[in-house]
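Novice: Following the hints, complete the assembly by docking chain B onto the known chain A.
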Amino acid sequence: MNIKINGEYYKGEDGETLLELAKRNNIDIPSLCYKKGFEGLGRCRLCLVEVNDNGKTQTVSSCIYPIKDGIEVFTNTERIRKMRKDIILLLSLRAPNNEFINELAKEYDVQAPSRYLNPDEKENCILCGLCVEACEKLGTNAISLVGRGTTKAVSTPYDDASKDCIGCGACADVCPTGAISLIDIDGKRTIWNRTFNLVKCSICGKYYTTEDALEFIDEKLGIENQEHICQSCNKRLISKKFYL
Amino acid sequence: MSNFHNESRKILVCCGTGCLANGSYQVYEKFKKILHNNPNITIEPSIKTTGCNGLCEKGPVVKILPDQISYFKVSVDDVDQIVDETIVQGKIIDRLLYFDTNSKKRIRDHNDASFYKHQHKIALRNTGEIDPLHIEDYLERDGYKALKKVLFEMTPKDVISEIEKSNLRGRGGAGFPTGIKWRTCSNFDDFPKYVVCNGDEGDPGAFMDRSILEGDPNTIIEGMIICGYAIKSNKGFLYIRDEYELARKNMQVAIDNARKFGFLGQNILGSSFDFDLEIIRGGGAFVCGESSALMASIEGHVGEPRAKYIRSVERGLWNKPTVLNNVETWANIPPIIINGSEWFKSIGSEGNSGTKVFSLVGKVKNTGLVEIPMGTKLNELIFQIGGGLIKDRPFKAVQTGGPSGGCIPKEHLDIALDFESLNSIGSMMGSGGVIVMDDTTCMVELARYYMEFLAGESCGKCTTCREGINTMLQILKNITAGKGQLDDIDLLLQLGETIKEGSLCALGKTAPNPVLTTIKYFKDEYIDHIVNKKCSAGVCKNLTTYYIESDLCIGCGICSKKCPVDAISGILKEPHLINQDICIKCGDCFIACPSGAIKIGGANYEY
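If you read the protein sequences in the order shown, they are chains A and B.
With this note's numbering as the guide, the letters of the first sequence map in order to residues 1 to 244.
With this note's numbering as the guide, the letters of the second sequence map in order to residues 1001 to 1607.
It is worth saying that the hints were derived from the structure and are not from the lab.
List of simulated lysine-lysine pairs, DSS-like, C-alpha gap at most 30 angstroms: (1) A:LYS68 x B:LYS1232; (2) B:LYS1509 x A:LYS152; (3) B:LYS1149 x B:LYS1235; (4) B:LYS1260 x B:LYS1249.
Some chain B residues judged to face chain A by a derived CB distance under 10 angstroms, without partners named: (5) ALA1285; (6) GLU1304; (7) ARG1306; (8) THR1463; (9) THR1464; (10) ARG1466.
Just so it is clear, CB atoms sit at the ideal spot from N, CA and C, and this is done for glycine as well.
This is chain A alone, in the form it adopts within the complex (with noise of 0.2 angstroms):
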C-alpha cells in the first residue's frame, strides 16, 4: 500500500505501524518508548503525527498506528512541533537533571518554567515501560509497571529484592534514559535491589552476565554445560567460521 507522507509517498508493508515505516525510509519522528522489535507502546507520546483519513483529521501515536491505505500523514506541522515541545517540557519537568532528557530538551529548545522546576529532582525514569516489556519477553517478570498516576513506578514486587530477577540486565539496556541502576563491581552486579555473581567469558576473561542468567538461559534453552563466551567473543567466534 502507498502512503503519503509529507507530500512523498511511501510502500508501507501489511501490519507495519506508522513509525516503522517512516524510520524504514529515514523519516525523523521523535520516540522514546519505541525499540525495534517490540511491540509499539504509545506512552512517551512524542511520536504523535497528524493523520489525515477520508478528510478526517486526528493526532495519533504513530508507534502504535497501523497504517492504511489512502491515509496522509503529516510529520512536521505547527501543531505537532508545539506539542512534541510541550511533552519535552513535561519530560524535563519530571525528570530535570537526566542529561538524555536534557539533550532532548535542548535540541527542541525547550525551556521548562524554572519556577515549576525542582533543581534536586532525583527521577530519572519517564516510565516508558520498555524495562517491563523486555523483563517480560525473557520470560523472567521479575519487574512491573505498579500504582497509577503520578505515583506510578517501575518495580518488583512489593519493592523487595526480587526472586525472579536473574540479573540480565536487559531492562537497564533498553532504558532510553539511564534510569535502571546497575551496578557491577568487583564480580558482583547489583540491579532491583539483589546482588549477583558474574561470570568471566572464557576467551576474554571480562565479566559478561551473572551466574543466574546462564542457569535461566540454559535451563529455557535444555543445554547443560554451556561454555561461557561473552557475546562480542561470541560473535567474533562466528563470522570467523564464515571466512574460513
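Specialist: Okay, now just chain B, sitting in the frame of chain A:
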C-alpha cells in the same frame, strides 16, 4: 375510607444505598414486626424493600400503595404512628409528606411533587417500585417480555435494526449510537464474541448506574441477553466496581434467579440460544470505566487503556469482537423492544432519543436522581426539578459530565441537555453528573480539586495525561495559595490543549476541561487570585479576609454566636468586629449574617 383497613396494600421501603445509610432497613424490620402483631389489621399489607427512589437526600422513603402516599425522612420511631394512623385509620401524617419548595405545600403522592412530576422514567422505570431480589416483581412489570419477543418473533437482524432505528446512544458518556455498535460487531465472523456491561461508575456524585444495578438488576440482564442474541454471543460480563457491594449482591441473586427461570444458561426458554453472565469485581480504579482499560482488567492485566485505532467491536475482550455498553444503556433495551423504536424516538429531541438519568447534586434544594427527556433545558432541571439553590443563594455555575466535564456559567443556563449542545460549550454529557454551584464556590479551587482527583486517577500510562495533569495541578495550587503569576494562565491553556490532543484515552483527552472552561468563563476570578490576591468566594484561605462593614451591621450578634472560635465581638445593636488574629476564615458568619454586613476582602485587605 371506611374500608381502608380491609384493602390489601403494599408498603414499599426504599433500601437503596442512600436510604440504607439512613437506617431504612431498621424501618423495614420494625414494620414487619409490628404489622404482624397488630390486632387492628385484618388483611396484613405486604411489605417490600425496593431499590433507590432517587430523592436520597430526603430518605428513608416509604411508599404506601395503592393509596399513593409517600413519606420521607421516615425513622424507626415513625413506624408505630404510620401503622396506627395511616394503615389502620387511613389518616395521612402531614409532617412526613414531601414538602414542595416551589409551591410551599406538602404533597401526598410523590409523583405530584415538582421533583418527580417532570421526570419520565424509562431506565429507572422499576427502580424503587420493585423488590430487586424477587424476579417475580420484575416479571409482573413486563419483565423478560422483550426477551420472549426477541427469541420467538425477531431475527438477530430485526433486533439490531430496531435498536438502530430507535437512535439510542450510549449513556456512558460518549453517546455513540448503540445500534451501529451492535451492527458493526455482528458483521465480524470471529467467535466467540462477548457482551460487557460497564458498571464501573466512578464520577464523584454520580450514582445512576448504582441505583439501577441495585434496584432493577434484571433489566440489565435482559438487555444483555438480547444483545447476545443479536450479535451471536453466548457470554457476557458485568464489570461492577469494588465499592458497589450491594449492587454485586443483588445482581448475583438476579442472575441465579434468571438461571432458575430459564432466562439464562443453555437453550433459553427452549429457543436453542445459549447465553450466560458472570460478574467481575472491579479493582477500584476510575480509569477502568474506560472501555479498553476495563477489558484489560477483565483479562487480568493492569487497568490501562489502549489506543482504539482498532475498535473493540472488532478486537475487544481477548481480541474478540465485543459489545460494551453502560448500565443505563442496557436498561433502555427491553422497553425499546417492547414498545418499538418509534415510541422511543418520540421521547427526547432530534438525534437525542429517549431520556437521560442525571444525578443532581451540589448547592441545590432537591438532590438526587432525575430521569428526564433528552433536550430538557438545564434551567428546568436546576430550578423546577431541583427547586433552585439552597437558601436561594445566587447561581454561579453548574458542572456537567463528571470530573472531566466543563463548568457552565449563568449565560448558558438555557442550554438543552443533549450530547451536542453540551459539547458545543466545552462541557459534556458524561455519565450525567450535574453539580450546582453558588457564589460560595471558587472556580479556581474547583479546577484545582478536579485536577487533584484526576492526577490520582490517571492510570499514568501516557506522558501527557500523567505529567500534564500533575503540572496543571501544581500551577493551580500555586494560584490558590496566592503565588500565581499572570503567565500561569497561558501555561495552563498551552498544556491543556496538548493534553486534550495528545493523550491516549478519553480520560486524558477530557481532563483539562474543568480548567479550560473555568478560564473561558471565569477568567476574572483567576486574575483576581493572581493580581489582587483575592478569592471573592472566600474559599482560598490565603486570599480571604472576612470583615464587617459597620454601616450595614445591625448588631444582632448572630455572627458571633455562629463563630466556632469566638473571633467576633461586639455589643448588642452595635456594629461588631472580627478579630483577624483568631479568625479561621470558615465563612460561617458570612452565610449567617442577615443584613449582608460581612464582606470578603482579599489577602491584602486593610481593616
